[in-house]
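Student: Here the sequence shown is numbered in UniProt numbering, starting from 1 and rising by one per residue.
Derived BS3-like pairs (lysine-lysine); straight-line CA-CA distance at most 30 Å: (1) Lys-245 - Lys-476; (2) Lys-14 - Lys-463; (3) Lys-542 - Lys-515.
Simulated from the structure, these hints should not be mistaken for lab results.
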Amino acid sequence: MKDQDATPPDISGKLLQFLDAAYEAPFDPGNFDEVIDSAAAYLFASASDPLPAWHVRQGLHDPLIESHSARLQRMLEAQETDVRTRPEALVKNRLAALVIDPSGTCIGNSNAASLFGLTFPCELEDLRFSGDTAALLRRMLADTRRNVPMETDAAVLEMPDGERFVARITQHQHVDPDSGESCSGLAVTIARVAWGDDSLPLIQGAFGLSTSESEVLLEILRGRSHAEIAELRGRSVETIRSQAKAILGKTGFARMPQLIAILNQMALFSEPGIVPEAEAHVPAMPDALRLDVGEGRRLAYRQFGRVGGMPVLFVHGYITGPYFNAPLVDGFSSMGLDVLAPSRPGFGQSSVPRDWDAYDDVVVADALALAEARFGEPVLIVAHQGGVSHACRIARALGPRCRGMLMVSAGIPIDDARHVRHMNRQTRVAAIAARYTPSMFAMLLRIGIAQFNRIGHVAYLNKYFQGSHADIEALKRPDILDLYRRSVHHMITQGTRHMVTDGRAAMADWGGDYKALGVPIRWLHGSADPVMEVSFVEEWAKAHGHDPVDIVEGGANSMLWLHADRVLQALAGLIEDTENDG
1 MKDQDATPPD ISGKLLQFLD AAYEAPFDPG NFDEVIDSAA AYLFASASDP
51 LPAWHVRQGL HDPLIESHSA RLQRMLEAQE TDVRTRPEAL VKNRLAALVI
101 DPSGTCIGNS NAASLFGLTF PCELEDLRFS GDTAALLRRM LADTRRNVPM
151 ETDAAVLEMP DGERFVARIT QHQHVDPDSG ESCSGLAVTI ARVAWGDDSL
201 PLIQGAFGLS TSESEVLLEI LRGRSHAEIA ELRGRSVETI RSQAKAILGK
251 TGFARMPQLI AILNQMALFS EPGIVPEAEA HVPAMPDALR LDVGEGRRLA
301 YRQFGRVGGM PVLFVHGYIT GPYFNAPLVD GFSSMGLDVL APSRPGFGQS
351 SVPRDWDAYD DVVVADALAL AEARFGEPVL IVAHQGGVSH ACRIARALGP
401 RCRGMLMVSA GIPIDDARHV RHMNRQTRVA AIAARYTPSM FAMLLRIGIA
451 QFNRIGHVAY LNKYFQGSHA DIEALKRPDI LDLYRRSVHH MITQGTRHMV
501 TDGRAAMADW GGDYKALGVP IRWLHGSADP VMEVSFVEEW AKAHGHDPVD
551 IVEGGANSML WLHADRVLQA LAGLIEDTEN DG
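Sequences are here, hints too, so could you generate the full structure?
Tutor: In structure tokens:
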């Protein structure tokens with residue numbers, strides 16, 4: 001009774017304050033801080049004592065919040081349609097926006113009407129695209145109707161006269177106004193960047209290109225063919241083709257449309273006069289591979305390093321996905337490591353589970369299937385950030401087929417009373433909501449995704465990492481920004497249900513799985529980690545005989561990428577440990 005007596009008397013008021021802020025989100029994308037503040041006021045006992053309140057631990061209001069969450073989702077979807085089709089609401093007036101419903105009916109903003117020379121609504125066949133582009137959109141629309149995960153969110157669209165535009169294409173949930181039922185269509189945002197001569201510093205500075213290479217790339221961005229560029233520059237077509245290949249090699253992209261998409265995004269979201277820090281090599285990301293894992297499901301994974309080398313299974317984090325920068329990729333190869341990085345169910349292009357209640361078991365089963373299919377010997381496991389709980393379950397299930405584990409910026413089982421107060425504000429709110437009020441967690445995720453779609457990845461990530469100096473500085477590097485952009489899309493592309501379930505898995509007590517492991521384990525943690533304070537990690541590792549923790553001074557959320565040398569050193573040390581362990 002003492003707990004109940006201590007319950008604040010204004011809980012209903014705090015809940016209403018949160019719901020009021022949440023309902024403002026579709027109309028005011030700048031109010032996310034207010035949403036987080038009001039969620040914190042509801043979740044915690046007091047502003048000075050970030051312990052979950054009694055009513056939160058009891059889950060008293062979760063069914064009520066869930067009913068509001070479904071209603072808010074419909075409002076967010078309706079407002080997203082409005083935002084995408086109302087020119088004054090667009091981030092830049094150079095964006096032409098289309099929304100294509102499942103039947104192929106299109107609506108668009110005035111920029112789109114001007115681009116296509118028609119009025120809306122119209123049919124997909126009425127849009128003035130080349131045959132190949134029209135076929136691509138029809139195929140993507142058919143895939144969304146079947147809930148097939150999208151292969152990419154960037155495409156180059158071509159007009160009948162050969163003019164090309166870069167576009168971001170995402171799934172869009174169309175809500176029938178009469179029945180309230182939803183089905184998937186497409187949202188297409190076309191970038192119409194005027195690539196003038198003053199764009200050369202942006203192009204050259206982004207990837208450290210030479211002046212000649214930058215000038216060739218500028219003409220490619222303007223939509224000119226190799227033959228047209230050759231004639232313009234007084235060179236042979238073969239010379240221009242060789243320069244284009246050299247540009248891809250230097251920037252690290254596998255295909256020119258990927259590079260065009262990144263540069264268009266940088267142009268749309270960069271401030272005038274700001275030239276990005278030069279980065280000589282942004283590695284191409286290998287395409288996701290597929291493994292059929294039964295029940296009509298497919299597991300998506302990426303392969304890095306030397307094929308056939310020492311097997312390593314990488315278990316990705318939450319906001320940071322299964323992606324690596326050039327120093328890590330080169331290091332994996334030089335060390336002879338064959339690194340497989342699967343996406344958990346619902347992340348990236350991996351199928352969602354058939355049974356959501358069995359999510360943790362499905363994660364383990366997918367990993368075991370991948371190890372069985374691709375590796376013929378015991379594996380090392382690298383656990384990154386919030387993926388650590390799954391990594392421990394996987395390692396336990398592998399038994400003697402797991403050689404050892406490296407924990408990189410990984411968490412430990414969360415103690416509400418000790419650990420939560422040291423997290424940054426957003427992580428603190430997300431952690432407690434994930435553990436006790438999944439409906440509120442889902443609502444926060446939906447609002448966050450809507451904000452991401454509205455303000456773009458650059459502004460979103462800078463807001464997300466506010467207060468973490470090392471991470472804000474990291475975002476100024478094009479290669480790191482690109483890794484985070486990929487990671488956020490990897491997290492949100494299939495909605496929020498897997499995010500809620502995965503968040504709850506991270507907050508579960510997985511200590512028993514960790515204690516059951518009888519393999520060498522090493523910990524690598526940043527002194528400035530914004531989620532889990534390093535002293536708690538040291539305490540945990542020491543209590544289980546896995547000290548000392550290797551501490552990276554100044555390491556934060558971006559530590560995996562910014563301190564690749566330390567990650568590779570730790571891996572080398574783990575390999576030595578496993579050899580000594582026999």
